[in-house]
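Those protein sequences? They're chains A and B, same order as listed. Numbering (my numbering) for the first sequence: 1 to 305. Numbering (my numbering) for the second sequence: 1001 to 1353.
A few of these clues could be false.
As a list, the in silico SDA-like pairs of lysine to any residue whose alpha-carbon atoms are at most 25 Å apart [as the list claims (entries may be wrong)]:
#1 B:Lys1206 with A:Pro247
#2 B:Lys1206 with B:Arg1299
#3 B:Lys1206 with B:Trp1342
#4 B:Lys1206 with A:Ala90
#5 B:Lys1206 with A:Ala167
#6 B:Lys1206 with A:Ala248
#7 B:Lys1206 with B:Ala1247
A few chain B residues facing chain A, derived, Cβ under 10 Å [to be verified]:
#8 Val1204
#9 Asn1213
#10 Leu1216
#11 Gly1244
#12 Ala1247
#13 Glu1249
#14 Phe1251
#15 Leu1337
#16 Val1351
Counterexamples of contact, computed for chain A against chain B with all Cβ distances above 12 Å [what the hints assert, rightly or not]:
#17 Ile55
#18 Leu138
#19 Pro164
#20 Tyr186
#21 Ala209
#22 Ala225
#23 Val239
#24 Gln259
#25 Met262
#26 Leu266
#27 Leu268
#28 Leu277
#29 Ser281
Hints listed in this document are in silico derivations from the structure and should not be mistaken for laboratory results. Cβ coordinates follow ideal geometry from the N, Cα and C atoms, glycine included.
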Amino acid sequence: MSAPAAPPAISSSAHAASGDGPWPHVLLAWPTVALTVLFLVPLGIIAALGFFRRIQAGFFEVAFVTDNYARALDAFHLERLAVSVVLALAATLVTLLLAVPFTYLLTRRPRARQVPYLVLVLASLSLSEVIVAFAWSLLLSRTSGISNLLVAVGLMDRAASWSPGLAAVLLAYVFIALPLAILSLYPTFSRLDQELPEAAGTMGATPLAGFVTVVLPLVRRAVAATGALVFIFVLGAYVIPQTLGRPAQWTMPVHITDQAIMKNHLPLAASLAIVLLVVSSLVAVAIVALGAGRWPRLALPGRAR
Amino acid sequence: MKLALARPLLVAIAAAALALAAGTAAAQTLKIAVYGGYFQDSFDAHIFPRFTEETGIAVESIAAPTGMAWLVQLETAARAGQAPADVSMMSQGPLQRGMTSDLWVALDESRLPNLQYVRPALVNRNSAGALVGVGAVSWYVTLVTNTDVYPEAPTSWAEMWGDHRNSLGLLALPENSFLLEITAATFFGGTDVLDTEEGILQVVDKLAELQPNVQLWYRDEGQFQQALQSGEIPMGQYYHDVTGIAAAEGFPVHSTFPAEGGVLDSGSWAVSRASSMVDEAHVFIDWFSRPEIQDLVARMIGTAPTVEREFLSLSDEEFAMVSDASTPIVPRYDMYLERGDWLNQVWAERVTR
């Protein structure tokens, strides 16, 4: 019954907004101005900087040369780019595998019971990447890390050093991405009609089958959008691969920072950043498209057709 | 009466407007950048207050990051007419890069009578012969060990190539680690082998043999110091001054001058061309070059003096704490200026893999 009342309410408020003088326009213009001034202009400067001429013993000079972009696309940097994308995709996959069931189960609970979990998730989101990286480097160390606890309870013979390395980098990536993924999935999952999985259950589906065949298709866009968000977030991390990784895990952000800050080579850093931006945008768009596209119809085992 | 009252007011307003127009740089505080952390704390505690007391010039210390990073910030700011610091302590590599791009003010030698005490190698001149840098402090990069893991200190850099899998902490980049110079001095009889690209590649191959022994390629000093103190990473290269302080505080660490020598690097004072406090900067640099101030710095901060030994009052024991009588390994700054980009690429492809 409330549905028919909604459209007039929306149109009347829209009308009111347009009749309030210039202020709504000014307020609405703010994101456009901010996007232009704070994002597009610096981006343009960085793209142009990539064409400037490097002066090896000094700084750089304004020019139009293509060798920085050529260097950014050489075998070494392409390999680093591939490593960065694969690492970020792996972290995204693990994060979604943890965040989707967690958020689903969380939203099935009464509201009051959800609050402590949400507070914890928000709290861990407030930790900076630097703190997370250094905390994990201690927790994974031989001298003061978790392995000492495992030795104490008899699960290991002697303490081991688990950092730096691939596992440490992935673990920290998932740790910083998980709260973000949960908060991004939460609105969609909590709006999900509780009766749908119940109906699936009534019709004989196990909870897992109901989740896979009924719930997942309904939330796939949100899951894909969250995946894209996590991918971009993780791909931009710098302290984690630098602190918890061996050179094999040094991603593009580590090399960009080295060039910009440690090697004084801003033109190469700028061209590497542009290459990374283009590739990460393409991958993120592909992830979102994957969620929006038609999925093959999922069928319950033994019930096809 | 009204007019008499109004005039000082107008003058005050005009003065305030001028001060605002000149920006914060007009504030009568000399901004001096030294490395953040231990260096900054020590300068704030022992050095800058005495300078202010003796000269009346107020000092604000600025925490500078590693030399190259600070150079980029100074350079970018100077292009916009800003000086995040008037005087900066710059290590020799970044100092020379700043010369190429004319970042530094040419100093007036007639206003620096104490320049006569500074070691000639640290009287830094640009290609036109103008004085742009004056030695501030020197420091050694040495072979350091955790004494719980290695009760007996090693005697040669060659020990790093020994049977110590996943045990080393080394600086991650060629230009601040000086590992090419160390390898050349240890296995190639000196750094002359680094004159040619073929020679450099030989040294790189020898250095790359270290890879399985390296647990951490560090960019952040704190990261390695913590791991060295706990024994997580029991051997590596580090700064002699800070290691000495950690040992004095009771941590099980030891700094060794290997038989081949420690690496001697130095910081020089240089003034950004965007600074509006060039007069005060001269006063500071001259004051700091006084032998008695160099004595104070060596005693309080543990760095090696940049003034010739004969002018200092340090006892033999005090001098040995901060320096070493044997011939040091001197970084090949020229190599980085001539072939830095090529070297960085070779390094990334062969050494840190």
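Right, here's what the structure says about each hint:
This hinted pair checks out: lysine 1206 of chain B and proline 247 of chain A have alpha carbons roughly 18 Å apart, not beyond 25 Å. Restraint check for lysine 1206 of chain B and arginine 1299 of chain B: not satisfied, since their Cα atoms lie roughly 38 Å apart, outside the 25 Å limit. A distance of roughly 18 Å separates the Cα atoms of lysine 1206 of chain B and tryptophan 1342 of chain B; the hinted pair therefore holds under the 25 Å criterion. Between lysine 1206 of chain B and alanine 90 of chain A the alpha-carbon distance is near 35 Å, which puts this suggested pair outside the 25 Å criterion.
A hinted pair counts as satisfied when its Cα atoms are at most 25 Å apart, and lysine 1206 of chain B with alanine 167 of chain A does not qualify at roughly 29 Å. Between the alpha carbons of lysine 1206 of chain B and alanine 248 of chain A the distance comes to roughly 20 Å, so the proposed pair stays at or under 25 Å and holds. Distance hint between lysine 1206 of chain B and alanine 1247 of chain B is unfulfilled; the C-alpha atoms sit about 32 Å from each other, more than 25 Å. The closest approach between the C-beta of valine 1204 of chain B and any C-beta of chain A is roughly 15 Å, which is over the 10 Å cut-off, so the hint fails.
Taken as an interface hint, asparagine 1213 of chain B does not check out: its beta carbon lies about 13 Å from the nearest beta carbon of chain A, beyond 10 Å. For leucine 1216 of chain B, the interface hint holds, the least distance from its beta-carbon to any beta-carbon of chain A being 7 Å, beneath 10 Å. The interface hint given for glycine 1244 of chain B is broken, as the beta carbon of that residue sits about 22 Å from the closest beta carbon of chain A, more than 10 Å. Given hint, alanine 1247 of chain B at the interface with chain A, is violated; its Cβ is 18 Å from that chain's nearest Cβ, farther than 10 Å.
For glutamate 1249 of chain B, the interface hint is violated, the least distance from its beta-carbon to any beta-carbon of chain A being 18 Å, above 10 Å. Hint status for phenylalanine 1251 of chain B relative to chain A: violated, with the closest Cβ pair at about 13 Å, above 10 Å. The beta carbon of leucine 1337 of chain B comes within 4 Å of a beta carbon in chain A, closer than 10 Å, and the hint placing it at the interface holds. Below 10 Å, beta-carbon pairs count as interface contacts, and valine 1351 of chain B has one with chain A at about 9 Å; its hint therefore holds.
The beta carbon of isoleucine 55 of chain A is not kept farther than 12 Å from every beta carbon of chain B, the shortest such distance being approximately 7 Å. Not every beta carbon of chain B lies more than 12 Å from that of leucine 138 of chain A, the smallest distance being close to 8 Å; the non-interface claim is violated. Distance check on proline 164 of chain A: its Cβ comes as close as 7 Å (rounded) to a Cβ of chain B, failing to clear the 12 Å threshold; non-interface status is violated. No Cβ of chain B comes within 12 Å of the Cβ of tyrosine 186 of chain A; the nearest lies about 36 Å off, and the non-interface call holds.
Every beta carbon of chain B lies more than 12 Å from that of alanine 209 of chain A, the smallest distance being close to 47 Å; the non-interface claim holds. Distance to chain B confirms alanine 225 of chain A as a non-interface residue, since its nearest Cβ pair spans about 35 Å, more than 12 Å. With a cut of 12 Å on Cβ distances, valine 239 of chain A falls inside the contact zone with chain B, its closest approach being about 9 Å. In this structure glutamine 259 of chain A is not separated from chain B by more than 12 Å, as the shortest Cβ-Cβ distance comes to only about 8 Å.
Distance to chain B contradicts methionine 262 of chain A as a non-interface residue, since its nearest Cβ pair spans about 5 Å, not more than 12 Å. Against the 12 Å criterion, leucine 266 of chain A falls within the reach of chain B, whose nearest CB is about 7 Å from its own CB. Listed as a non-interface residue, leucine 268 of chain A fails to keep its Cβ farther than 12 Å from every Cβ of chain B; the least gap is roughly 8 Å. Every CB of chain B lies more than 12 Å from the CB of leucine 277 of chain A, the least distance being 21 Å, so the non-interface label holds.
The Cβ of serine 281 of chain A sits about 26 Å from the closest Cβ of chain B, beyond the 12 Å cut-off, so the non-interface label holds.
Hint violations for this structure: numbers 2, 4, 5, 7, 8, 9, 11, 12, 13, 14, 17, 18, 19, 23, 24, 25, 26, 27, all remaining hints satisfied.
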